Each structure stands twice: as structure tokens, then as C-alpha cells.
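Start from the sequences, fold in the hints, and give me the full structure.
Residue numbers (the numbering used here), protein chains in the order written: chain A, 180 to 838; chain B, 1273 to 1561; chain C, 395 to 812; chain D, 482 to 715.
If you're looking for bench data, these hints aren't it; they were derived computationally from the structure.
Values in this document were obtained by computation on a predicted structure and should not be read as measured data.
Please note: incorrect hints may appear among the correct ones.
[Stated by the list, open to error] Computed list of lysine-lysine pairs in BS3-like fashion (alpha-carbon distance at most 30 angstroms, straight line): (1) Lys633/C / Lys751/C; (2) Lys685/A / Lys1552/B; (3) Lys808/C / Lys499/C; (4) Lys391/A / Lys1552/B.
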Amino acid sequence: MSVRKGLSILAGVALVLAVLAHFNTSLGIAPYLLVLATSVLFWVIQATSWNILSGYAGYFSFGQAAYVGVGAYSVAVLTGRHDVGYPVSILVGGLLGALLAAVTGAVAFRLGALRGEIFALLTLAVPFILAAFVRINRDIDGGLGTTLPLPDFPGWVGDFQHLIFLLMLLVATLAVGTALWVQGSRLGRGLNAIHDNEDAAEALGVPTFRYKMLAIVLSGALGGLGGALLAVRNGAVQPELVFTLTVPLFVIVMSVLGGRRHWAGPVVGAAFVTVLQDELAAQELDQWGNIILGAVLVLFVVAAPDGLFGRLRVRPWLTVGVFVPVLVGLLLSGQYTELDAILYAMVAAIVAALVVDRLRPAPGAVSSPAGHLEPSAAPTEGARPTEPPATRPAGAAPLADLPQPAPPPVPPVAQSPPGELVSVAGVTRDFGGVRALDDVSLSVSSGEIVGLVGPNGSGKTTLVNLLSGAMPPTRGTIAIGGRTTTGLAPHRVAHTGVARTYQIPKPFASMTVRDNVAMAVMFGRTGASLASAREAAVRHLATVRLEHLADALPDALNLHQRQLLEMARAIAAEPVVLLLDEALAGLNPAEIDDAVAVIRRIHAAGISIIIVEHLLRVLNQLATRIVVLDRGVLIADGEPATVLRDPAVVRAYLGRQRA
Amino acid sequence: MTAVQAALSGALIGGLYALMAAGLSVTWGALRVINLAHFGLILVGAYLTYQLTTAWGIDPVLTLLVSAPVLFVAGAALQWAYDRLNIVEFNSLLVSFGLLMITIELTTQVWTADFRHIDAGENPYGTSAVHLGSIALPISRLVALGFAVLLIGGGHLVLERTFAGRGLRAFAQDRTVAASFGIDHRRLGMVVGGLAGVSAAVAGMVFALGNTIAPAHAYEWFGTVFAVVILGGIGNLLGSLFAGLGVGAFSAVVAVLWDPSYEPFVLFLAIILALVLRPKGLFTRRAAA
Amino acid sequence: MRRRVLAAFAAIVMVASGAACSSKQESGGGGATDQSPIVVGSTLSLTGAFAATGLIHKIAGEQFVERLNAAGGLLGRKVEWTILDDQSDTAKVGPLYEQLITQNKVDLIMGPYATPNILAAMAVAERHGYVLPQHTAVLAPQLTYPCQFPAWSIGPTPNQFIPNLLFDAVATLPTPPKKVAVLTSQSGSAAFVTDGLGDDKTGVLTVAKERGLDVVVDRHYPPTTSDWAGMAAEVRDAKPDLVISNSLGVDTVNALNAMKQLGYTPPLVFSLFPAPGPLLGLGPASEGALSVSIFEPNKALVDKVGGDAQAIVDEFKTKATAASVAFPVFETQAAASWNAWEILASGVKAANSVDNKAVCDALHSKGADTTFSGHLAFDQKVNNFWPTTLGIKQIQNGEWVMVWPQDRAAAPIKAPTS
Amino acid sequence: MLEVRGVDARYGDAQALWGVDLEVAPAETVCIVGPNGAGKTTLVQTIAGLHRAAAGTITVDGVDIAALPGHRVCDHGVATVPEGRRVFGHMTVRDNLLLGAYRPKARAAHRETEAQVYDLFPRLKERARQHAGSLSGGEQQMLALGRALMALPRLLLLDEPSLGLAPVIVDEVFDAIAAVTATGVGVLLVEQDVERALSAASRGYLLIEGRIAAAGPTADLRDRADVRERVLGM
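This is how it looks when you write it as C-alpha cells:
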């Protein structure tokens, strides 16, 4: 489904809801359903807002209350105290939410280390600070709270409840539409990649900082707008109302319960939790209400750890097939109110989906064998359920026995002028007190394959990290194709034509092999659309002969296949220079020969290569030059044969085994 | 002088923050479970102390003889359940939030939502103090610090010096390899969960010594305790002790020198600053990568 | 796949709405006859932070409804009370009142507990034109809805009234206090007594200065404060004659504890809105502490009120004890609850109808009769706040005793013992 | 000492090992070679108890350990040096070694064993108080070996000991393996550097698609056509 189609369906649904609400009296819809729907929409806004950053990009935030509070207090101060009109103050609420998010993001994302729980604590602190600020500042309300006047609105709207419903619906549609659009856009793909592996994403050319900033600002703006509407709905604002921990806790509960990787997850979660809570409150259960809510939460998270929506989506007909008859049945029985019926039907549908899921796991929902070593040694048979059997040579290891069709040539790269391609001048890199690289100078011309060798800890990987921009040198400069890359963000370095692989493969675990490669095409120098990137991806997969696994998830690949995937992803960025960091480690000789052939094909397409490798047999075959590092110092640079006879190299690196 | 008094009192109450944080920190660090239900255990610990003290006239500190075993079992049972159901990290946050809600409501059923307070007659620690010149060190806070040092220091020694401690640290880093050397993660996890329960019993007891108790308190502890856990470094016991003392003293001094209303403002700004400067926690040793 | 799900969603919406239409028509038929009960709806904080006091209002309200029905109900109809739990969450109050009015179709409503919740309920009441009797909102200037009726009047300008009341009371002591320490919770219902509200900056601080008192400590603390040692140390070192704790709940208890731990007991303490039980639990440390009250079940006061007062007070005690309320005494909170119910009942009787507009008008024109606060007349110019009956109470021999003003006191105010 | 008979292993529906038979005698180094994805690591994990065998028996000195959970297998004298070394980077070198002696029997003798390990790898003694994470790759491999030796194993499972190491270091590692074998320990070696593996071991097994395709003395294996084609790439 295209994003455009999704958006138009969303708009249609919103329109239907608006019409139903407008004519609720004549349609016989209880006014209270409107009230409840308004609550649901508020939580849909907040859960969706949270999900754009925390679900898509994986940056778990505890700070949702900050946006709600800023939005609500914008209305409280401007409308409640300074008689500014509601439309202006609501918009200001959204703007200030965005501004607050931008500041938070600028602090958090500038520092790469503020991830995971550290980011969560940072965001947890923000509402505390804002609440204290409101209480200190008597020009806001000093913590006393502010009451708001009843808004003026045209008569055709209906009564206040219609007004607030329509406003919430508008913002909720905006929020869900934004989430839907983001999910289908480059931004969404990028955020997904950040979620799976931020470093690899950046190295492939994803502007991670900009994307995270965009996500957090969208999240802040939507959260702020929702908070502003909360103030309008409640008619009064106090710090305890908005800057409370229950906001982030419930938002997290809703999004995670619903499912975080899809825009509809938070919508499902918000609707379910809000209706359930409301129903429990209406039953006059006192404490038992919260106990039931807690128990339902525990049960559903245990039963569907990756979110309810995922389970419902796998079996849409089962879901609808249970929901509708139960709903209709309960309503016709006359024993239940509409709300009871809706809730029980929702529960029935969820339980049905979960139970069926337990009995007969749906395809695509294979859980990885938890508690074991990563299944890199997973068998080649099975475990790739999405792959149609016909394309797999039965009973054969995928690589060794493949008939050898002429592999398609790597698309030629726009040849850079011959001459110096990579220039490293006087580069030093310190980690704390340890000098990992000491005044290294190196130059690579186009067309070369340079082997980088040295004992463990000699600085090879550090040099690769400096070349790819993953870290800046302490001193010295690096230039690619005559352009200085020192100080550029890694994705900018990638766009100058540098691609890399990782010693330990870092695939995007939630994407298929094809999409892993498509990411590199999308965010590479040419910046293709997803559709054309997927086509190109298949070509690159063919280069490394992984095309038969295009639909598999990386988890199902063995080590060799993962390393080939790394290479496919790297060449998909259409680099001029490719950095291979121990791309052959752990392969047996037959596989190494296969990988060497791949590397040669890549080189033949005009891509220069710097390869870190311990296997001298391979380097002897491949490299035009060998550079040796020892304890951060460049000790040899030249023809392979010459270098490997150098006594210093033999002493430091080769030992008794000669090439 | 007032500031010195405040800083000292604050640092002492930091012992309570550290006690509350220690159990949360160690289960998070070692077992990868963010156990919000820990706050519920602390609450139950406080109520058990209240109940035993007011009903039977037992010395509040001695109530640990009952509450510590009870909460050991509770903590171990929680860990058993998390492990059985394979619930880690953020899903554990949700599940334990559900359990926290249930715990809070159950304590409300038993003890009502009223504020409960151990009356002066039954609480010899409540209002007495050690006087050093014009500085007074309240006994209840000295108890807090004493238990914090004892429990956290002891825990630290166990982690550093014993085979079980090494086993736990190894398990925290790589459970598969640890298992291959004979570390039974189920049993060790339950022991750790149980000990976290014991720390909750102690924290609850200390809290009940010097404060009124109400079920809603469990939520109020979140901000400070999470700050202490993360500032100290997740899983770092000594770190949580120092972070607890630091947060206590720092907020008390801000309150006296400026105004109590600025305390959360300054404290949480300082926490953000600390995270920006030392994102791995203030008290984490710089381990070479 | 997505398309199918979206289609399913749309289908759900359509079916749900269709079903809603059909079922609605069945239930809409039964109109109210004269024999059907009058339903009053409200939320109370039965769980969460306000639950302790919420329970008191629940018991008092149920007791009132029981007595009312035993005496034949209202307009010859039984009265039913629907209580929903707002979980002490202000955000839930509004939607729950909307639910009561639009779904449960209650005839009348009663206010929830605590100022922020009452403000939230008032917004809904105003939208639907319902009469809102409320027991405990003290932020008088913000309660602007004309059909809101306070049951606990602390006057239209409590920020002026309370300091003056307090200072008048302590001025009668043999050695009136000269140095005061003021601790203020930054919450909606307490801070304005210290600092004033909006443009009116009158409060404890300004009144103290006018009267020539020396404010030696002035500290504001957030409602989330848990460590009182710093403030305690400051108060101790400033040696005030009177500590004014403009606080809620157990703040004063915690502050006094912290002072005690530093080896200090202030000579005289005033606590604005304490939770009644815990302060008594401090034993000798709280002897002589002052607070505000509209009613205490002191014998002198109960006798003065006369009528059913003693029976009401006793019955409440039995019910509250059974519900294991920590401090089962019919004092200010319960009396305010009783007042609120009597306001509602008076209005309905005077209007001879449950039409909210009529009830509101009747209350404006005729006022209400209450057991514990006498006849109330509501002045719309001051947000219906009636002349306050607020007094000062003091802990004497472990019991709260009304001590000021003299004409309503059960005993004279006592000087600090030290 | 080690006898594996008819072992199957599965990941969910997917079968990874099919009726594997092998044995290792004391003081013998046995290698397993085969293409990536053949199931070598699964086999090591199954023997180590980290993956449950779906069928078959695994006996160590006559005791069937196939059904034991991972943490009980080491009680029977089986120690593992996992692929990628996997030392505990945040613990000191000494703590890593002591962890190896976790099980009660090894714990009782940990002082003597520690001294023996330091004799074998003097560099570990120099670095005893350093964090393991700060060691070079070669040193980490020594540590992983030393850690396994602390468990007083009779059978040592080595998974890819040369992975990512400089040739000069690999020499040292294989010298150490030889020294360990000489003390009477049986070694089961999985190694991608097939030449090295075949020269270090006396016997070997060729594992292809989860089945033992060939077995015998390494000198014979080297000459087999399927070994040359499938793993040596000749």
C-alpha cells in the first residue's frame, strides 16, 4: 500500500468519524462515546508522538509529559492569563513542544554516548525541571493552577464536546498521518536503520543526527499540540495534571502493548488501554479496577512481547471474524452497553489471535532461539521460511554447489581521475592515554588493492574507523579524492565515496537482506527511491551471489553469508574506495576463495580497496601493495613480496609461518 | 552552619536513596530486568515494619527478621517468573509496571490509602539524634546510612571477592559463556532477585522509621531513585551508594542556600549535565574497550 | 496487508456505529417517572494519592444519603448516589463527569475531592449547566462558575482572611509571637495563603509585616518534597516563636519530625490543611499545634449545633471505624461533605424539581440550611462564597479543640508549654 | 573419553545435526572441519550443553550428559573456549581465571591451577589485575584458554581459536594447545584454518550439512577429494 493511499484512507476514516460525531444525536450515538473517543484520541496523539522517536528509532523516552506540559501551559498562560485566542495559543503549544524537543535533541544527540538508558534518564529529567520551573515562576502560575475560559465557537459545530472531539480528531489524524508518512519515507527507513544499528546506518550514509532531530521535533510538536488540547478539554491546568509520570508510563504501555515498529501499533494500544481503563472505572470496582488493568497488561505483554498489532495483523480475517460477531452478538443480546460490547469484542479478538498464534505460529513470526549463542551456525536448511523452496538448490550448501553462472558485472563506478585517491597525512589518534595511531601517513591511488596488516591492537581497525569518519583523528588530516574529510560526519564521508564493512557484521536485523542492501542505495550518493533501490539491491546481491536469500532476515544467514551481505551493502553505496575490515575472518579456504572472487569483481568495477586481513595467502593473491602497522606505527609499505620479507615485519607479525 | 547541617542530613538521607536504588540497579545490571515492582516491594517492606511495630510493639529494626525473609521470597519469585517467561529489558518494564500497580492497590486494600505513621512511643529512632556541637545527626538517618554502607559495602565485597560474585558479574556480561563454566543462571538470578527483595525490606524499614507511609509514595520515589541508579552506573553497587549520598547532600544544600522550590530544578539540571559529561555514570571506572 | 487492515478498521467503525444506533433506540424509551430514584453522580479519589480523604467523603456522603432516604428521600423519591473512582488523577475527572452526565444521565452531580479535581469537574458542570455543590475547593477566586456552591467557605479572599484569623488568635496569648517562620507548599490550595493570588499580593507574608512581625524564614517547597532536614535546620537556627506551615497532608508532620530529629521542637505551629490523624500521632511533639476548621466534634460545639449532630457524629465514627479509617472523627472534611449534600438537598426542595437551572436559581435566591454551618446565603459577586465560619483549632491533650474565634470556641487557646 | 552417538540437533523446525557420531580420547587432539553453516558450532554447543540434543547420546567417561542443562555439563570435566574468545571484558584477568574455577571441584584446587596457568601463559600473570577488555586479541585468546583450564577439564572444546589473530599469535596459541594436550586433556578443535587444524590434530572429522561425511587420521583426510573440494578449495 502506498503512503498516499494510506493517507487518503486515514483521511476517509477521520471524515467518517467526524460525520458520525457531528450527527451523533440523530444517529443515536451516546454523547458519552464522544467523550471517551476524545480521550482515546488524546492518547493516540501522545502514543503516536512518542512512537515516532522511541518506536521507530529506538530511543526510549520517559519525557512525554514535558511536551504535554509545555502544550498545556502555553494555553494556560496565553489564553488563561493573557486573553490570547485559543487558536494561537494551541499553535504556540505545538511550536514550543517542537522547540523543547529540538533543545533536548540537540543536547542528547550531539553526544553519541547518550543512548539507551542514559537517553531515557535525560528525558525523564526534563518534566521534573519544567514542573519546578512552573512552580517557581509566578508569572506562569507558581503551581497554583490556571482555569481557562469556555472557548467561543461557531454554532454549527454543536456543543463543546463536539468541538473538542473535532480538534482532537484533527490533531490525531495529523499525528497518525505523520507517523504513516514517516514510516513509508526515507526518514522512516533511516530511523529504522538507526534502531537496528546506528553506527552502520551512519556509515552507509544515513544522516543520523538530522533524522533523529527531525523525529524528535515531530514528536515534540505533536505532543505539544495534544497537550494544548488537553488543557482546552479539562478547562483547568495544574502542574500535577500534566507533568506527571503517569503520562510517559501510559504512553509507553500503550505503544509497546500495541507494537512499536508500525504506525498502527500505538493506535491499537491507545484505544485498547483507554477503553479498558474507562470500563474498569465505570464498573465501580475501586482498587480491583487497577488490579485487573495491571494483570491484563502483564498477561498481554507476556503473550505478545512484540506488540498486539503484529499478532492481529498476521490474521486480519480472524481478528475481524471474531470482533464483529462478538460485537454484534453482545449488542443484540441487549445485556450490554455499546462500550461493554466494543471492549469485550476487542478482548475476544485479541485473545483469539494470541491463542491461535500459540497453537499454530504464523509464518514470519519465528522467534529466535533465545538463550543460545547467536545462531550464526544456524542450519542452511529451513530457518528461511520466506524463501520459496524452488529457488533453493535442494540439499546443497548455497554457495559451493551453485552452478556458476556468469555473475553480473558490478556496475562501473564513475571513474575518479587516476592519481591519489586516499591521502592520510600525519594522522595520530589517542584514546585517553593510549596512542592507537602515531603519525601515520599513507596514500592510496585509484585502482589499488591495499592490504593492511599488523598484530592485534596495532591500530588497523582504528585506521579504518578514521578513514570512514566514525571517529576524528587527534591530529593530522585525511582526504578522499582530494577532498578533506577530517571533521565530516560519517554519512558525509560516505557520500564522498567511502564504504566499509565491519569485522563483526552489523546487518539491520529487522529488514530483509534485500532491504539491507536497498538502504545503502537509498542513502548512498545517488539517493534513489525505495522502489528503485530495491531493484538495484537485487543486482548488488547478485554480485555477491546472495540473490536467492533476498527475502530472508539476516538472522537466518550464516557467517559467510553475512559477510557477503556486508560487502553487498558496501558496494551498493557505489563507493570509490571500499574498506574491508577482516571480511574473511572465520571462513574456510573454499569460502575464502569464493569471497576473493567477489572482491576481484568489485575491484574490476573500478573500486579501490583497502583490506584488513590476517591471511597472507589471500593478500598475496589480491593486494597490489601491503602496509604494515605495529603498535600504531607504520613500519612497512610496498610490494607484497618485499614487505613480507622485511625482517621487522617478520618479527612483529609473521612469526615462523611465512607467506 | 545551617548549610553544613543540611548537607550532612542530606547525605545521610542519601543512604535511603542508595538503599532504594541498589536493588533496582543490581537486577537491571546483572539480570537485565528493569523491575519497577521493586518500588512495590519497598512499599510492602515499609508497611510490614509499620504493621509489626504498631501491632506487636516490636522494635522497628527487628521487624527485618520478618520482612527480609518475606521479601526475599517475593523478590526471588519475581525473578523466577521473569526468567521463566523470558522477559527482559523494556518488556520487563511493562510487566513490572503492571505488577507495581497490582501491589499498590493490594497494599491499599490492606492498609487503606491513609497516611500511616509509626508513633513516637513505638519508634525509638524516629526523633532522637546524636549531637556533635550544634550539629545534630538524626538516628533514623544514621540507621539509613549504616544499613546502606553495610548492605551495599557487603554486596560489593561479595561481588568482587567471592566466586558467586564473580559468577554474577560474568553472567551479567555473557550468560552463555558463564553457563558453560557451571553458573546456574536460574538459581543465581533468584538469589539476586531475593537479595534485591531484602534490600527493599531494609529500604522500606528505614523509610518507615522517619516518614509517613502511603501507597501513593511508590510513584514519588521514581525520579530520585532512577537518577541515583543511572548516575551511579547501572549495576554498580558502590556507585549507587555514592550517587545516593551525593544527590542527598546536593539537594539539601541547594534547598538551604537557595530555596527548596529550586531543588528539583537544579538537581535535575545537574543530572543532565552529569550525563552529558560522564554518560556512563559518575562512578563507573573507565574500562578500556 | 495494510490495506486489508485499514479496510477492517473502517468496517469496525461502521459496524460499531451502526450497532450503537440500533441499541440506543431500545434504551432511550424509559423516561423518568415520579417514582424513579433521583440519581446523583460524582467522582471521588478512592485510589491514589487523595484516597485517604476521598474515603472520608464517601462515608459521610453515603451516611447522608442513607439518612435522607430513611426520611423519605427528596421530593418523595429515593436518592441514589453513583460514585466513580477518579484515581486521584485530575485528567480523569473531566471525562468521568462527562460520562456521568451524558451516559449515566444522572439528575444531579456532587463535587469530587481536592481543588484541582473540583476545577476539572467545574469545567464540565459549566458546559452542561449542572449545579455543582463542592466540599473542599478553597481557591475561591478561581471558582467562577455561577452554579458552583462551596460547602466549606473560607471566604472570598482566604489569602487575607486566614492570616488575620491566625494572628488575631495568637495575639491573645500572654506572650504573642514576634518572629515567624513560613514554610509553603507550592500547590494550588496552599501557596496562595502565603503569597496571595494574581494581582492581590496579600498573604501571610504581607499581613505579618503589617502587624510588625518578623518573618525569619520564608521557604517554598515543591509538593514532591521528601527531605525536610534542610528546612528543619533553617527553622531551628532562626529560632522563631511561631512556625506557619502552609501545607497539605502530612507535610507538617514530616517537617516537625525532621525538626525533632535535630533536637528542636518549635514553640508554636500552625498547619494550614493537615491530614487530621498523623499530626495527633506525633504525641507530645504536636501538642498545642494550630490549624483551621469549620467543625470539630467537641462537646460544646456539638451541643451548640444541636439537633441530630451528636447522632450524626457518632454514626460516622462507627462507619469510619468499620472502614478502618485511621482517624475516624467527624471533623472539617466530613462536615464539609455534609454541608455539600445539604446544599444540594435544600436546592432541590426549594426548586421542587431536579432541573439544574431551577435548583441553581433557588439556591441563589433562598440559600441553604445546614446542620453544621447554619443557614447559608450565596453571594454571586464573590463566587457564592458565604461568610466564612472558619475558625482555629488546637491540639489540646491529644485532641483537636476549636479555640477561635471566641464566640464559637470550645476552649480558650493555650500558650506553648515551654 | 568423549563419545557422541547419533546426535541430532534442531532449531525449531530446522534440523542442524543428523546422527553425528564421534569420539575423542584423552591426550588426543581431534579436529572438525567443514564449510560454514555445516553445523560445527552447533555441534560444539550441543556437546557443551548449551544446545539441547534432539536425539542421541553424548557420554563423557561413560556418563550421558546429553540431557543436562549447560551449567551442569562442566561438572563432568568439559570446558569450552568459545568462538570469538568472549572473555569478560569488565572483569580483571585474574577474576576471569577464577571464574573458570567456579564449579566446586575446581574451586578447591584453584590456587594450584592458577599457578599452572600462569606458567603456561606468563603474560597473563603480568596482566592479572588489568581488565580483560584491555588485552590484545592474542592475550584474550590465552585468557580464554587459561579460563577453560581453570575448570580442570578432561575435555576441552575449542571453537575457532585462530579467528582474527595475527599469524605470529596463532603460532603461540597452537603451541599452547599442544602443551595442553600433552597434559592428558582431550581436545576437540573446530577451526576454519583447515591447514592448521589438520596439522595440529591427529584425527579429524569432515562435517557437511550436519552430517559426518568423512573421518580418519588427518593425513588421510587431507588427501580425500571431498575435503579438498569442500573445505580446502582445491
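Here is how each hint holds up against the structure:
Taking the CA atoms of lysine 633/C and lysine 751/C, the gap is near 55 angstroms; set against the 30 angstroms cutoff, the hint is violated. The suggested pairing of lysine 685/A with lysine 1552/B holds, with an alpha-carbon distance near 23 angstroms, which does not exceed 30 angstroms. Using a Cα cut-off of 30 angstroms, the hinted pair lysine 808/C and lysine 499/C is violated, with the two alpha carbons roughly 52 angstroms apart. This hinted pair checks out: lysine 391/A and lysine 1552/B have alpha carbons roughly 21 angstroms apart, not beyond 30 angstroms.
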